[in-house]
Structure formats: C-alpha cells, structure tokens
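Peer 1: Residue strings, one per chain:
There are 6 protein chains.
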Amino acid sequence: MNSLLFLVLPLEFKGMGDSTITADVEAVAGDIEAMEIRGAATIADAAAQALRTQAEESEAASAGAFRTEMRAAARHLHDTRPTAVSLPNALRYVLQRMEGATVSELQANIRAAADEFCHRLDRAQEDLGEVGANRLRDGDVVMTHCHSTDALACVEAAVEQGKDLSAIVKETRPRNQGHITAEQLRELGVDVTLIVDSAARRYLDDADHVLVGADSIAADGSVINKIGTSGLAVNARERGVPIMVAAQTIKLHPATMTGHTVEIEMRDEQEVVSDEDRAEIGDIAVENPAFDVTPPRHVDAIVTERGQFPPESIVTLMRELFGQGPTEPWNEE
Amino acid sequence: MNSLLFLVLPLEFKGMGDSTITADVEAVAGDIEAMEIRGAATIADAAAQALRTQAEESEAASAGAFRTEMRAAARHLHDTRPTAVSLPNALRYVLQRMEGATVSELQANIRAAADEFCHRLDRAQEDLGEVGANRLRDGDVVMTHCHSTDALACVEAAVEQGKDLSAIVKETRPRNQGHITAEQLRELGVDVTLIVDSAARRYLDDADHVLVGADSIAADGSVINKIGTSGLAVNARERGVPIMVAAQTIKLHPATMTGHTVEIEMRDEQEVVSDEDRAEIGDIAVENPAFDVTPPRHVDAIVTERGQFPPESIVTLMRELFGQGPTEPWNEE
Amino acid sequence: MNSLLFLVLPLEFKGMGDSTITADVEAVAGDIEAMEIRGAATIADAAAQALRTQAEESEAASAGAFRTEMRAAARHLHDTRPTAVSLPNALRYVLQRMEGATVSELQANIRAAADEFCHRLDRAQEDLGEVGANRLRDGDVVMTHCHSTDALACVEAAVEQGKDLSAIVKETRPRNQGHITAEQLRELGVDVTLIVDSAARRYLDDADHVLVGADSIAADGSVINKIGTSGLAVNARERGVPIMVAAQTIKLHPATMTGHTVEIEMRDEQEVVSDEDRAEIGDIAVENPAFDVTPPRHVDAIVTERGQFPPESIVTLMRELFGQGPTEPWNEE
Amino acid sequence: MNSLLFLVLPLEFKGMGDSTITADVEAVAGDIEAMEIRGAATIADAAAQALRTQAEESEAASAGAFRTEMRAAARHLHDTRPTAVSLPNALRYVLQRMEGATVSELQANIRAAADEFCHRLDRAQEDLGEVGANRLRDGDVVMTHCHSTDALACVEAAVEQGKDLSAIVKETRPRNQGHITAEQLRELGVDVTLIVDSAARRYLDDADHVLVGADSIAADGSVINKIGTSGLAVNARERGVPIMVAAQTIKLHPATMTGHTVEIEMRDEQEVVSDEDRAEIGDIAVENPAFDVTPPRHVDAIVTERGQFPPESIVTLMRELFGQGPTEPWNEE
Amino acid sequence: MNSLLFLVLPLEFKGMGDSTITADVEAVAGDIEAMEIRGAATIADAAAQALRTQAEESEAASAGAFRTEMRAAARHLHDTRPTAVSLPNALRYVLQRMEGATVSELQANIRAAADEFCHRLDRAQEDLGEVGANRLRDGDVVMTHCHSTDALACVEAAVEQGKDLSAIVKETRPRNQGHITAEQLRELGVDVTLIVDSAARRYLDDADHVLVGADSIAADGSVINKIGTSGLAVNARERGVPIMVAAQTIKLHPATMTGHTVEIEMRDEQEVVSDEDRAEIGDIAVENPAFDVTPPRHVDAIVTERGQFPPESIVTLMRELFGQGPTEPWNEE
Amino acid sequence: MNSLLFLVLPLEFKGMGDSTITADVEAVAGDIEAMEIRGAATIADAAAQALRTQAEESEAASAGAFRTEMRAAARHLHDTRPTAVSLPNALRYVLQRMEGATVSELQANIRAAADEFCHRLDRAQEDLGEVGANRLRDGDVVMTHCHSTDALACVEAAVEQGKDLSAIVKETRPRNQGHITAEQLRELGVDVTLIVDSAARRYLDDADHVLVGADSIAADGSVINKIGTSGLAVNARERGVPIMVAAQTIKLHPATMTGHTVEIEMRDEQEVVSDEDRAEIGDIAVENPAFDVTPPRHVDAIVTERGQFPPESIVTLMRELFGQGPTEPWNEE
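Same order as they appear, the protein sequences are chains A, B, C, D, E and F. Position in the first sequence (first residue = 1) + 2 = this note's numbering. Position in the second sequence (first residue = 1) + 2 = this note's numbering. Position in the third sequence (first residue = 1) + 2 = this note's numbering. Position in the fourth sequence (first residue = 1) + 2 = this note's numbering. Position in the fifth sequence (first residue = 1) + 2 = this note's numbering. Position in the sixth sequence (first residue = 1) + 2 = this note's numbering.
It should be emphasised that the hints constitute simulated quantities derived from the structure, not laboratory data. Warning: the hint list may mix true and false statements.
What the hints assert, rightly or not - Over the 12 Å line for every Cβ pair with chain D, so calculated as not near, a few chain C residues: (1) 222; (2) 276; (3) 299; (4) 314; (5) 321.
What the hints assert, rightly or not - Residues from chain B shown here face chain C by an in silico Cβ test under 8 Å; the list is partial: (6) 37; (7) 186; (8) 221; (9) 244; (10) 276; (11) 299; (12) 326.
A quick note: this is a predicted structure, and the numbers were derived from the prediction, not measured. Cβ atoms here follow ideal geometry from the backbone N, Cα and C, with glycine treated the same way.
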C-alpha cells in the first residue's frame, strides 16, 4: 500500500541572501512561495520575465559574473516551489539559451529567450488545439476522463474546423470533474453522454479516440494524469481505440530526465467517503491518490503546441526545450 | 451507443389453462410472477419443489402422459419470468433426471431430483465458500468489486480456516455497493481499504487476487457481472493478478448454451447524476448499464459449489447439470 | 517451406474379405471409395445406415461375435477413405453406443444409435443456424471469409428471426468463394460490401463479428479452415472483434483426440498464377495451401447443432459423441 | 518472498484403529508411509490393489456397511501420505465406481474398477507416448526442460514411427537433469544440443515444440512442473512456439478440484551454491523452489494416455476419472 | 464504412500573381500542377532547384524582403499539389536552412541547402539500400508485400554484399504488384515463392523478416502503405518475425507533425471485381482502399538513407530535416 | 541453429603507412591491437587523447589537409579493433566536433572535444548511477542478471541517498557472475537472495525493478546483454515489472545506426558442460552464446550519464553524440 512515487529533490538554498538578486526576482519568488502566483502557465510566465529583468538590471562586470548571477537568480526562484512542473521549465528554457561572449550579448540572448518563451506560452493552448483537432475527423466520438483545458482546446478547434463531434464523458470520481467537461462540451455544441467510470470499457466500442490531458509527462514517456487514466488506457489498447494526450510543453517534467520519479499527491479521504458513511462502515482505511502513471506503450500520441509526438520521443523535445545535461542548469558550474 | 445485448426469447405460453397443472404449481407460478417469490435461490427452490408436488399429485395414466404433464408444468413455471436465470436451471435440473419406464419410476426420479436439487441449493454457498477459500492463502490481499454474497462466502470460509486476509474494496459507483462489502468484511475481521473505482489499477500491484461474484455466466465462458468487472479484469491480467469469480451453479445461464445472449439491464439515470446537476450541465444523455461482459480469457477460475472451473470449461458443468440438448426440455417432444 | 502437417494414419486393412460383412456395407464402402457417395453429411449418413443394416442382418451367435462383426464392418467402411472427417465420426457414434448383454439388445442399441445419428444429422444445419443466429443482434455487421453453408445458416436463421444484418465479404483468393457468399447473402436480403482479403483489418472496425465455417476442428481446440482464417482471427482479436466458427459436429476430427495432426491439402499452383504470368515472372515456386490452423485462443465460440462451445471445450463434446478411448473403436479388442 | 503456495489439508485420521480394515490395507498403508512403496505409479497401483483385497475380504453384512468399510480403508490409505498426487487418484478412481445394491454387486464393481485402473496404469506411459508422438512431425526440433519419462515416451514413440527428431536440451539448474535427458535422447538416436537455461529464448526460434512433463496438474488448468517451466512457456508463446505437456492422468491433482493449491517444495540451498562459495559471497539468503506454476493460457496441449486436452478442459477428465463432488469420496456420508 | 482519414489542408493561394516569383518557379509550378513533373523524387528535385534559381535571381533589397520572396515562391510551389508528400519536404528542407543576416549570406545558404538536398536525394535509394542490407543476414528469407523500389534496394545491396537471400512474395491483390516484385527479385538471383495474401501467416514461420516500403510515414510513427500491410504486421508480431519498413526521407509526411492525418485514396471498384461478376452477384457495394495505417508498435525499424530508426523516433528525423515549428515555413511571418 | 548475428565490417586499411600519423597515435593503435589497452572506457579514453595529440602535433598546411590527416589517424585507430563498441564512439565524438575554417580553429575544437569526451567519460559511471538511483525508491527490491558495474552504480548511489534496497540475484549460468554481484551488493549493505536463473519468473512478483547492464545498445533500441536478458525481460513485462538498463553512452553501438547487426560471441563449450560429463552423455552439440538481443518493446528505460531514455529514443542520443550521417566520419570525403 505504500508504493507511492517520491520525488527526491536536492534542496540547496544556496541563492538565499545573495546580494546580486534583483528586487523583482525576490518579489516574484515571494509571490510564488505564497501561492499568490499560481497555475502552471502563470508561474512559468512570471519566472521567465523575472529572469529577463534580472538580466536587464545586472551590473555584472564580466560574462562569467553575469552567468553566475543568472544562475543564482534562477536557483532562488526554483527553490520557492520545487515541485511545480512549469517553474523549472521556464528557468531551464531561458538559461539554456544563455550564450554569448560578452555581458551585452548574454543580456540580449536572455531577453530574446524570455520573450520567446512568454510569446509561445501565450499561444500554446491554441496552437496545441489546432494540432489535436487535426487528429479528429468529422463524426468522431471522443471519450474523456477528468477535465483538461488542453484536451478541450482540441475539441474546440475541431468544432471551429467545422467537424461534428460527440463525446462520452466519464464522471471521474471522486470529484466529478466530468461534470465540468460535460458542461463545457455542451457549450461547444458537442453531444454528450455521461457515464460512470466503470462503464468505460463497455462504451469504448463506441469511441474513436480516448482524449485526456496530463498533470505532467516524464522523460521515459510516462503520462502522469488523474487517477483512472492508466486503467482506461489499458482497456482502450485492448479494444483498439487510440489514446491521445493533450499537454502543453510546460507539463514536461524536467527532473524526470535525470530519473527522478513524480510524487503522487494523496488527497483527503472525505472526497471518497463521507464521515457518516465511514462511521457506519466501521474501521476502514481510505486511499485517495490524485494521479496515476500510464506507461508510453499504452499511449498513441502526445499533442503539444510544438506538434504531436509518440510518447517514446517526448524526451527529445524536453532536451531541445529545457536542456540536455544531467544536472540542473542553475547548479552547473 | 445501441450495441446492447438482447435476449431473444421464444415466448410460447402453451401451458396456460392446462387442466393437468396442479394448484401448487399454479400458486408458485403466480407468486413468482408477482415477485412475491424472488431472489435466485428462493425462486429455484420453489420451482423444484413445485415440480415435486406436481409429480406426486399426478394422475397420469401412462409414462408418456406423465412426461407431457411435467413438461407443461415446467413450461408454465418458466413462462412466468423467463429472464430469471435460476428458474430454468431448477426446471432443467429436475426434468433432466425424468427417467423411467413407468409412472411410479418417473415419480420417484422426479422426487429424488427435486430433493437433491434443493438439498444442494441449501448447501451451495457454504460449499462454494470452502472451494474459494482454498484458493486464498494466509496473508493474501483480495480486491473486490460490487457486493456478492458468494464472494464474501469465500473470504468468510478462509477466515474460518484461520487465514489472515486484507481487502481493497472498490466503492462501485453508481450505487456504492462497495460500502456494504466493506462493512461485512470488517465484521469478518478483515482489514479494509476503500478506493474509488478509478484507483483499481494503481492498487492491483498490492493485490493477490481479484475476487468478484457474477450475475450470470454464459456457455461461452463469459461472465456477466456488475458494470466495471470487465475493465477490472483486463487490468488485472495486465498486472499479473489472477481473477476469481464466485458463482453458484444456479447462475449458469441455460439459454446461452444455444447461443442466446444476455440482456443487460439499463438502470435509472438518476443513479448517475442528480436532476439538479443534470439541469446545470445542460442537455446531455446518461447511460447507466447495470452489467458488463467479461470474456473467459480474462478470468482465471470460476468457483462453484461443485468445485472450481476454468471459464472455458463451465459449459461442461452446465450440460451435466441442466441438459445437453439444443432445445429447452419443456419444449421437447 | 516444408512444415506442413501430416496425418499419420495406421492403415490396417484387416476387414477385407471378411465373410461376415453384409452386401450393403460392401456396397456403401465401394461407393465411398469411388466417391459416388461424397460430401461430409452424405458419407456420414450412408455409413451409419450401413452399420444399422449390418446389425439387423447379423447372424452372430453371441454378443461377442456380434461385436467383432460390427467392428469389422466399421473398419471396412473406415478404410475406404480414412481422411474423410465425417466418416469415422459416424462409425464412432454408432459403435460408442453398442451396449448390451445379448445380441438382440445390441441390435436394438445399434439401430437406435444409427437412427438417432441420422435424425440429428438431418436437422443439424438448421439447429446450428438457430444457435448461431442467437449470437447475432439486430443491426450487426458480420465479416465472412470463404464460403460456408454452416455460417450462412446462422445468417439465414437470424434474418428469419427478423434481424437486419449487413456483411463485409472477403473475396477469398485464390478461388474467390467470397463471390458465392456475397450472392447468397444478397438473396437473403443482407447488404453486402465486397473487399479484397488484404482490406480485412481496415474493415474490422466496422464489424461486430467474424463469422466463418470450418473444414475440421481438432481436439486441442484448433480450427482448420480456408487459408487466411488464422491471420484474420489474429487481427480480429487485436481489434476486439469476436470470432465465431460455425461447424456441425461431423466436422470434429476424431483422430486429433489422439494427437494426430490434420493434413493440409496443397492445391494446384494455377489457382494462384496463370501459366503465362508465371512464364513472364521467371522461375519461381508457388505454394497454395488450401487451409490453415487457428489456435483456440484466437476463437471465441464454436457454434454447433449441439449448442455453442468455447474451442477449449470442444474436446468434451467430441468425447461425448464419438468416444473417449485412446484407440479407435473398430480396432479395440 | 513468502508467497509460496500451501496445501491446506483437512487432516482427519478417523480411520485409525478401525477393526474392519484388512491386514493387506494396513500393510500397504505402512509401506507407503515408510516410503518403501514410492513413485507415483507404484503407489497408485498398490493402493488400488489394496482396495480390491479389502473388497474381496470384506465381511460386511449390508451394502451400507460395505460402503462404510471401503471408505474407511481408503481414508486410512490416503492419510499415510496426503500430498502424494497419485494416491488419492487411485482411491477416487475405485470408490467412484462403487455402485450396486448388494454387497456382491459392490464387490464385483470394486474388483473391476481396481483391475481396470491397474491395467490402464500399466499401459499409460506407452499410450501417452503414442498420443504425443502424433503431434510431432518428421524433422521437428523439440526443446526440453528437466527430465520427464512421459515427455521422453513421446519422443521414443515418434522415433519408432520413423520420424527423425532433434532436441535442444536445457541443462535445468540446479540439478542438471537435462544431462539425463540428453543422454537418453542420444540413446534414442536423437541429435542433441545442450544449452544453459538462460539461452532458451535465443534457441526457441529453432524449435518447433516445447515438450515438458508435469509434477502435477491442477483443476484450473495450471501445470506444476520443474522451476523454470513457466518462464519458458511465456517465452515460447511470445516466439510462437507451441507448448506441449506430457502427463499421465495420475498427475491430475484431485484436491485442486476443490480449490486447494499445490504446495511447492523448497529444496536444499546447497543445490544452488556450495558452502564455500556462500561463505565467500557473504551473508546472503538462497531460495530454491523445486517447481513453479504455468497458467493454462501459456500451454497448448496436455497429452495423456486418454488423449490430448487443452489445459482448460483437463478438469473434465479429472471429474470423469476421479469424481465430481466437492468432497473427497472417503469423507462422504 | 466511412471512417476514412482526411487531410485537412489550409488552402491559401497567397502567392498567386506575386511579381517577385521568377519565371523558373512559375514553370516548375505549372509542370507539377499539370503532372508533367511527377514521382516523389522528381517533384522534390525540381522544387528544390526552383528555389535555388529563385534565390540566385532575386533582386531583393533587404534580408527581410528576400525571406518574404522565398516564402512566396515556396508557397506558390506548394499550392500546386498540396497532397504530394515529397513536395513540402523539399521546400521545408531548403527554407529550414534560410539563415543569414544579409541577402548574399541568405542566397549562399539557400544554394547550399538546395544542392545538398538534391545531392542527397540522388544517392538516397542506394544509401538506404546499404542500411537495409546490413539488417539482412546470409541465408535469410524475407516476406514482401506489394512492390517497393526502396525495399528492393535493400535486397539488391544485400546480394551485392554476397548474401544469399530467399523471398516469399505476397501477390498483393487487387493489382498483383507482387508479380513485379517476384520478377525483379528473380532478376537479382533471389529464390522466390509466390503466395496469395491470405497465406501470409502460414508462411511467416519460414520468414526471417517482413520487408515492405511505405507510401508515407506520419509523425506519430504510423506507416501508411499498401492495403494489407497493417494486417501482415500484426501477424508478424504474433509470430515473432521482425518488420522492416524501407522508406526514403522524402516519404516522411510533414503535415502529420501538426496532427494532420493522411488521406487514404479509394480506388476503382473494377480492380476488385469485374462488371460481369458484379452483375452476377447482385447489388453489392465494393470498397477498395489503396492503403492502410500500421501503428508504430507493430514495426521494428524504419530504414532510410539517413540510417535506421525505431518508428517512434522518426519524428526527430522529420524535425531535423524539415523543421520543428507548428506552422509551415512558407506561412511564417 | 545458425541464425547468429554477424557484423559486416568494411575493412579498409587505407591509413596504414600514412606518414602524417603521429607516433602517439601509432603507439596507441599498437597497444589496442595488442590488447594492452583494453576495457571499454580505457580504450575510449586512449583513442580520444591520441586524436588530441595528433591535432596538436599536426603540421598540416591547410584546413583541408588537417581534416584529411585527422580522418586518417581515426581510421588507423579504428581498424585496430573494429568490433570494440567504445572505440568508434570516441573517434566519432571527436571528429563530429571537427569544425572551423582554419587549422588553429580546428585544433582548438579537436582539443576541446577530446577533453570534453575524456572528462565526461571520467564522470560517466557516477553520473549514470545518480540517474538510475533516482528511479529506485526506499524499500524497493531489484532483480539482477549477470554482473554490471553500471547497474551496481545505480544501487550504490541509491544507498548513498539513504534508500534501503533488497536484491534478488540470478546466478547467471554458465559463469555465475551473479556471485560477484551478490558479493558486491552485500558490501553495499543490500540484502541479497540468490536464485537459479530458472526461478526468475517465480520471484518477479517480489521485485519492483529488473536492473541490468548492457554489452551494447543498437540504434533500433535493442539491448545486447548477457544471454538470458531477453527471456527475463519478456517475463518481467508479463508480470508487470519495469525493466531498467544501465549503460554508459560508450555502449551505444555506432555501426547499428546504419543497420549493422551486432555479432554475438560464441563461447567455449566447457563453460556449459565439463569434458567428463560430456563424454558420459554421449555425442552431443553444445551452444554457448554470450549475449542475446532484447527488443525495445520489452525495456522501459535506458539509464545513461546523459539522463534516462525510452529505448526507442536512444538513436537520437547516438546521433547527437556520435554523428548523424550514414557513413563513418573517418571514411567521409
């Protein structure tokens, strides 16, 4: 019962009290830590812009000093919330492009990298939706699990392409996010059939695609998503239905490139059973993991704003966007 | 969405108004039709005993007339509720043993067959429990789906054998029969962990057995059970966990020997989503099938009061108990 | 290239010249050998009736002598065409029921057995059709391979039950028996789509059943049928489409109970490529096997006039109908 | 590491001191217990003959008393070595045929049953060899694991049929029984290639059959055989090589019909590593299980003296030979 | 029956009438549109050279103007035949390398890119053949489907390496391209055995490789090839035979990087059945798709002139050769 | 039996006698040939340093002459031992980075590349260990096959991270390298259970990971490792246990990028059976391959010092590190 996956993080708060870190970086770091800046895209955007400001305001005397300063700023931002998957991605994207022989060259490249990152982030969901929509054909039926704006973006884009789609929506216990998905699909004009999670295999024969989002994606091609995704994927494979995961690249989990596994959050037991019911049942344990892990062999395609990829190739995209070394760029020497 | 399985039944109410049918048979038939006699075991017991009374009170002048009379009585009972799986099994068991050259020989054999059937029925769950318990080892963890007294009988017998068992109990939406299972397992002293249905694959790695009951079992080895069983079985196979179905032989579906498929009941939509939630979501369909079909290749053993069987062999037991011909015995000439 | 399956047959013409064999048996044996009696059902019927006549005309002085005489007659019939699958089945069915302490008891039982066999044979295809039809639902699409009157009997019975069916018909190179199937399905009012054999996997997603006949069926559950069946079954399993084999019990291959494999006929090369084309291509070999072997794990149900069976259980039916011993009944002592 | 299978046996020594048990039964029971009678076939033969003597020497005054006496004798024999798979089979075979209304009828049937059992036992290996040989074709290559006289009997019979066979022989650590197999195959004139166990998958592409024996076979179709069989079978399935198990019917494990699992013997650690090597390695554990369990889906055919069976059907043969009830016949009332 | 895959293309004829487009580009565009330039390699070569001429003859005053001009030329060429897989690849290859700060730098890079592309195209089939040949061993048997010059190049190179190969050639209905393959293999000195398509699974046990070409390859690793390829691949996997796809990189389908699916051409029904036969059969439909889609999990290696790749990695090569962005380079701003 | 994989190598000793090759390169080449320099890492290091010296001592007058000289030196080194997997990798790594317009630029880049290569090589096993350790969780059980310092580095790093691990160690016949693994794991404080190779599937249910090294890794994602790895991986997949391969990037086999297969060494027969045992057994063959090939679909992750990769993506890393062209860099023009 205790076989959860833990993320072992090297917690090194070297950056603290570093006088070269700008007020802007400090402010952003504080807001992320206080969760006043939250949400994968918002965090990533703020972090990239903070690095841009750091670069612009730097008074470093040499290229070497500048690099050290930038790494310190990145480390400081990173350490505020080390489990947020999009934060290190933003930092890695910018630092990965810190090239140049002079401070001004370095500054220019940091600025360009941060701007490019933010620009792409801004368009990512729409671009991703276009890619996913291209996989859907007129008349197709998609089966959904949980609620994912990335997945819905694919349906929305397909509807805008003039395709007529239907959906089989799993309610997704314990929090019934399927109700939100059902409502939003209805608003897009999609015919919806709601089912309990256990009815999925029965209705897979009526589905042309399984379409889900992702909480994060690992370098070995595994997809971490709402509990129930992995069991659905096994059945979809058995019934011959392709499985499509919609995920912006900020969901690619950088620590997994070096073998780190992803911590699975255990949620409140009351989501599963009310206190009254539990009292009536007697002395039982309740386990309520938020996510599970689907191995790449049970997924057909990961759809991102950079195009679609077989899950076994997503590591190539991770390395291209976020760096290839075995160490984290803010800890490099 | 319309790929349900329908049971095509030859409805021939030949038996109606037949003067040779005894008052006792008529009374039992009426009670079954009015659902005053209900429950698989109760119906089967009443039907066998009605045939016994019919045989005892028969005034047939010849062996041939006696046989015709018995078939008419059986047909009359059968037609009251043709979809009840245990009713034709009781009738088939008794008629299958209607052998003899004289009326008195026939009467004796019918009496013996009815008594044997009722005697076995009486002990079936306990005998089944012993068989199932023998498959469980001390320290094992079983994963359950829905609520089945046959499945619980296996655990109970194992506990009585001194084995220490734990259970992972799926809540089994939409009606949460898992809560009843959890409660009864607690009463047996079994450690229980309750999970949502979607968490099953995640916890299969902690389970030594999947243990479920059956609504009915088909001649091709398919197991008809609570919606979600088939998806669970596919995942259990993928994770290397054996799947054990506990089912008394009255659950063996006689019409399937001749290829008939089993009608899957569609239940009320309000079990899945409340009227208020549905109003909020918008104009959606809800599908709420009660059962699904697990093919034999995803099941390891069917445990009955007659011993355990690979699902591919259950047809042999069906033929032994309930007859081998392609026609129903009450319709034979 | 030389891995064909050979039927190793113990050729023992002990029966020749045996004076106790009746003229009727001799005549039938001659006609079978000369192929004037041909076709699985016709051969089986003639052989059973010949044994009946043999029994009636027997002048055996003791039960022992009678048994010896019957075995000699059966052996004589059998040896005329040892590879015809239905011939030994007819002989086995009758000899299997040769019980009794006196000659007259034995005669009566032989008569009854032969009559029963012929009666059942007469109704077999229609009974089988009813069983198979029960597996088909209104609106279903069946995919066929080659031409099989047993398979068509299932469709015909379903149409008579009022079901509306469609068919995807594989042309079945090299002899295009799919054309005959297509024509006969059209005559039954079934919508037909004709495809080349290679298009099968592409159209399996539109099919609810694969429905084929059988040349013969082995005790290990393997189905010997028109070349291409096994490859179709593997794909149907991969796409989640159930595979149904329609075969009268005279197709159950008795020699396989003792491990014998089934000889696969190699047909004329000109069926595959014309002499002119071959001359143009150059010096190539052509292989043209008539049948292939589908293992039981790729088949869902075998439909017979005795009901449906998982292929792994068909050996039980073979033993029930045609005997259980390791030796052939006409060679027993 | 402690997930071994235990055979839970109801140890009821009711028969002890029963004055009706004959001296012959007592003597045989003593010899079995003292392991002076040993080996599956020898034990089975002695037990059946002891029951025969018991029946002949019985002074029971009624059919009922006779039955009680026979059950007591059987129980007494059984309890001497409850884990020997062939002993209960012999007892069950004979008691299963204890039918009749009078003592003399009962005696005759017991005598006949015991004689039949011993007669068949005597011929079993040769008959089995014939069946297995029929599955082998001229030129075939078989891969063997461990040493099994039943498996070798198949090869021997095939060689006598004039077939030219080759063998790939796994050495079968830790006791290298493959060396014995290699030697005996050489004596039969079979070309032998010896490999280490780990090389099996590499050479499966050169093999036409995997051919193994069995320690015992369970009612759910599982094959208990020398450690390594199950892993070989999984690989053989993955490479498309059929798996054939040669096992006389005395290997069918009767207690498994009621769900009992089979105890796996743990053997001496020194078979795996010498004391010196172990001292050098340091403080390690060694596990040396003698057998493992292969599920029926990884086996193609079980070859017995009664013919071949898909493993899923072997329960039918068990019930036919050794009884169908959920209770052991010596404990019935 | 209507589940075909459609390629949704954004048709934007922005380039028309653009005065900066050279006469050479106009001429090539016209010839491609008129299908006077046809064939994957010929089209690709002409398009790359047209871009080269455009660059050389450009009178653009700034780097920005030059880029705009080149994109317009590419767009104009692309729009003549948007479904030709090699055309956008040539354009993407060249535009992907349009780097530089000045017009002359840009011109030099375009020239180099176009020359490099054409040079590689010229050698591609031979280079590919070398790579594929290296996977084949002396004595191997390959099974082919349809006719592919890329696949034959592998065999030819292997023969030149001195390897002795045999081939099992599927005739490939409906157009029997297998006859051409057989003839060309014979000319290479390869022993050929011709079989009907349905016999493939039967002869896979004699094959060491399945070797096919590709019509195009998608970014998700799917192989689009002659109808029948996907069913063959499923069977090859089931029989343990590796599947090798030979395809030059111009077959990599660029639109699939952004999720577009590939349109499957439906060909004339008369290829499947003559008008006379069809009239005789009655009123049937005929479906004749030219290609099918094999998912990457059923393919072992894609062999290109750039080396071999697991199909799941081919997207990396596509991005390297033809660009990584989600938009088409001629539509970028 | 003769289906071994052969590496076809173009042996072109063009470099011999080339006066531009430095004495240092000659000396290293001689030592590698004489096997005085041996071991994958040692060879790679020496080769890279020899190229560095060659560059430093070059007297080439032009960039072109310098390139020719470097290629000749690399070719000379390569030809000394063309089957050593790490040698061409070192050469490719350095030559791949031979960029620049002038001799001095080229010299600087070669120096940097050689230094970088040697620096990384020096840290590779430790870096790899960190990555692998991150995949292991506290309390996990790993199953090992053979002896691999890369695999042990993962365990060592995990132990240093404070994780408590256990190990099930396969003895790995015929040379029992498992004894070394067991001893070294004990020294790390890991609990060890030693088993025979055939017991692996039985104990897979107790394992959380299979952890093995690699002899080399091919571009199609196949892992070449000690005989028995592929069979273990098939069983691990069947039991749901993830398979992790630890391999430094010098194990990536460059020739496989162009389709070359890897030669499997056949070792001495006496490792398998002693001469005395063999004499006793009789005239048998013995096959003793050192390695086998595990296809990528049976492996979950390859762990390198550059991070972890799904096996299907390892070709991307190979191309990044060692070049992308279809030809070997020392043979390029």
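Peer 1: Where does the structure disagree with the numbered hints, that is, which hint numbers, in rising order?
Peer 2: Numbers 1, 3, 4, 5, 6, 7, 9, 10 - these are the hints that the structure violates, sorted from lowest upward.
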